[in-house]
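Chemist: Single-letter residue listing:
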Amino acid sequence: MIRDPKDLKRYNASERANHWVVGISFILLTLSGLAFFHPAFFPLTQLFGGPVWARILHPFIGVLMAVSFLVLFFRFKHLNKMTPADKEWLSRAKEMMNGDDHNMPEQGKYNGGQKAMFWGSALCMLLMTVSGILIWRAYFGFDITLVRLGAVVHAAIGAVMIALIMVHVYAAIWVKGTIRAMWYGTVTRAWAKQHHRAWYRQVTGK
Amino acid sequence: MALQSLDIKQRSATTTPSTQVRQTVEIAKLIDVSACIGCKACQVACSEWNDIRDEVGNCHGVYDNPMDLSAKSWTVMRFTEVEQNNKLEWLIRKDGCMHCADPGCLKACPSPGAIIQYSNGIVDFHQENCIGCGYCVTGCPFNVPRISKEDSKAYKCSLCSDRVAVNQAPACAKACPTGAIQFGAKEDMKDYAAKRVADLKERGYDQAGLYDPQGVGGTHVMYVLHHADKPDLYAGLPANPSVSPLVSLWKGAAKPLATLALAGVALGSLFHYVTKGPNEVSKEIEDEIEKEDAK
Numbered sequence: 001m002i003r004d005p006k007d008l009k010r011y012n013a014s015e016r017a018n019h020w021v022v023g024i025s026f027i028l029l030t031l032s033g034l035a036f037f038h039p040a041f042f043p044l045t046q047l048f049g050g051p052v053w054a055r056i057l058h059p060f061i062g063v064l065m066a067v068s069f070l071v072l073f074f075r076f077k078h079l080n081k082m083t084p085a086d087k088e089w090l091s092r093a094k095e096m097m098n099g100d101d102h103n104m105p106e107q108g109k110y111n112g113g114q115k116a117m118f119w120g121s122a123l124c125m126l127l128m129t130v131s132g133i134l135i136w137r138a139y140f141g142f143d144i145t146l147v148r149l150g151a152v153v154h155a156a157i158g159a160v161m162i163a164l165i166m167v168h169v170y171a172a173i174w175v176k177g178t179i180r181a182m183w184y185g186t187v188t189r190a191w192a193k194q195h196h197r198a199w200y201r202q203v204t205g206k
Numbered sequence: 001m002a003l004q005s006l007d008i009k010q011r012s013a014t015t016t017p018s019t020q021v022r023q024t025v026e027i028a029k030l031i032d033v034s035a036c037i038g039c040k041a042c043q044v045a046c047s048e049w050n051d052i053r054d055e056v057g058n059c060h061g062v063y064d065n066p067m068d069l070s071a072k073s074w075t076v077m078r079f080t081e082v083e084q085n086n087k088l089e090w091l092i093r094k095d096g097c098m099h100c101a102d103p104g105c106l107k108a109c110p111s112p113g114a115i116i117q118y119s120n121g122i123v124d125f126h127q128e129n130c131i132g133c134g135y136c137v138t139g140c141p142f143n144v145p146r147i148s149k150e151d152s153k154a155y156k157c158s159l160c161s162d163r164v165a166v167n168q169a170p171a172c173a174k175a176c177p178t179g180a181i182q183f184g185a186k187e188d189m190k191d192y193a194a195k196r197v198a199d200l201k202e203r204g205y206d207q208a209g210l211y212d213p214q215g216v217g218g219t220h221v222m223y224v225l226h227h228a229d230k231p232d233l234y235a236g237l238p239a240n241p242s243v244s245p246l247v248s249l250w251k252g253a254a255k256p257l258a259t260l261a262l263a264g265v266a267l268g269s270l271f272h273y274v275t276k277g278p279n280e281v282s283k284e285i286e287d288e289i290e291k292e293d294a295k
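In order, the protein sequence lines correspond to chains A and B.
When we follow UniProt numbering, the leftmost residue of the first sequence carries the number 1, and every step to the right adds one.
When we follow UniProt numbering, the leftmost residue of the second sequence carries the number 1, and every step to the right adds one.
Please note that the accuracy of each hint is not assured.
To be verified - Example chain A residues on the side facing chain B (calculated, C-beta under 10 Å, incomplete):
1) LYS6
2) GLU15
3) VAL52
4) THR145
5) HIS154
6) ARG189
Read the hints as simulated data drawn from the structure, not as lab findings.
For clarity, every value in this text was computed on a predicted model and none was experimentally measured.
Built from N, CA and C at the ideal position, the CB exists for glycine as well.
Please construct the entire structure, taking both the sequences and the accompanying hints into account.
Modeler: Shown next, in the form of structure tokens:
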């Protein structure tokens with residue numbers, strides 16, 4: 001669907017679908033994972049057909065997320081290299097958060113914050129996958145110290161990752177005109193010019 | 001099988017207090033290793049009373065049979081040959097759940113009511129609430145719980161909670177032909193152990209003593225050991241068992257802190273939106289684009 005033929009294409013259908021698979025599996029993992037993390041969240045297991053099903057399904061959804069995230073990672077890795085402009089952007093992120101983005105340095109397709117989010121998520125995903133395998137009792141039986149370490153890492157990094165993704169989702173809600181990029185792949189030229197001017201210049205040639 | 005005749009002291013994954021009004025006598029099983037002859041009557045009695053039949057295995061050339069605890073073998077005799085004071089000693093230890101006062105399994109369990117600690121000290125698994133995650137195995141300092149391959153539930157010695165509830169001794173204690181397994185109030189068991197220790201010391205075992213490790217708050221299965229200074233001799237009985245600091249971190253501070261932090265991020269985002277407002281494309285840039293289009 002193209003609202004305005006002059007809208008800019010930010011993501012193709014395959015990239016969008018990939019992101020949705022990661023997103024859906026993340027939400028399912030969060031809901032089932034929190035249930036095992038703190039008794040207050042245990043009733044969430046009912047969303048999965050009961051606690052035993054939640055325990056059975058969680059690691060398989062984890063495998064789905066790990067694989068789909070890996071694809072996403074290799075798709076977007078080259079666009080997320082940190083540049084000096086990104087570092088400057090990050091050092092002045094406070095201005096941005098205060099809603100004053102007029103003096104922020106020009107950003108390419110992704111700004112410093114998004115790139116930090118990308119690498120942070122990738123690191124978390126790696127740790128979650130490795131520690132998750134360590135504690136997947138149904139199929140693996142590692143040394144008890146490794147399993148205990150895996151349990152701590154999985155719980156701690158899981159919490160960090162949930163916080164990261166909350167920020168990721170909030171940023172998309174906060175910056176108006178962003179979420180459509182995830183739905184149908186396009187953004188307005190004005191949006192691009194305001195938030196990612198270097199990318200805007202690159203794709204429009206202006 | 002929740003036992004209404006026994007009061008519950010603690011329940012897994014439960015943040016509110018369990019029944020506290022009654023004070024129950026703490027019980028204990030005392031295993032006098034020095035009086036054990038390794039006949040395995042306790043293993044058989046356990047299998048019979050609890051109606052579990054493990055697969056008949058193979059002989060591995062040692063006395064241990066079966067070789068390890070399993071979902072269907074809640075107690076096993078572990079045989080060790082060691083040299084002490086220039087003499088060969090044949091040490092036989094009946095292994096199984098120690099029923100810790102501070103149980104690592106219960107601490108680690110994420111499923112409400114899957115692990116129960118009765119006020120008499122028995123730690124019991126309620127399989128109908130077990131989700132099969134294996135966290136109890138991760139939490140146990142004695143490597144006792146086993147996950148069944150058939151139903152993915154965790155199993156271990158129940159200290160015959162069903163028998164104790166009706167004032168009967170556990171099946172193993174009932175069957176022991178030498179009186180090596182005693183059962184009663186924990187205080188009485190300690191007194192009995194003191195007599196046994198004194199006797200052993202008289203017979204030349206200077207380091208004889210009671211094994212009631214305080215690192216797990218004491219246990220409700222205790223041993224009289226001839227070499228209480230070296231519990232490791234008895235098929236790796238840990239000298240100072242305690243719930244691993246990793247497990248305490250995972251199930252202690254991490255839970256409330258991370259929950260608060262996540263709530264903080266969620267509420268922080270909401271109030272950021274409310275106080276700073278949305279980040280919209282400026283009118284200025286929209287006009288610029290419109291002007292370009294009009295050209």
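Chemist: State the violated hints by number, sorted upward, taking the hints as numbered earlier in the document.
Modeler: Hint 2 contradicted; others consistent.
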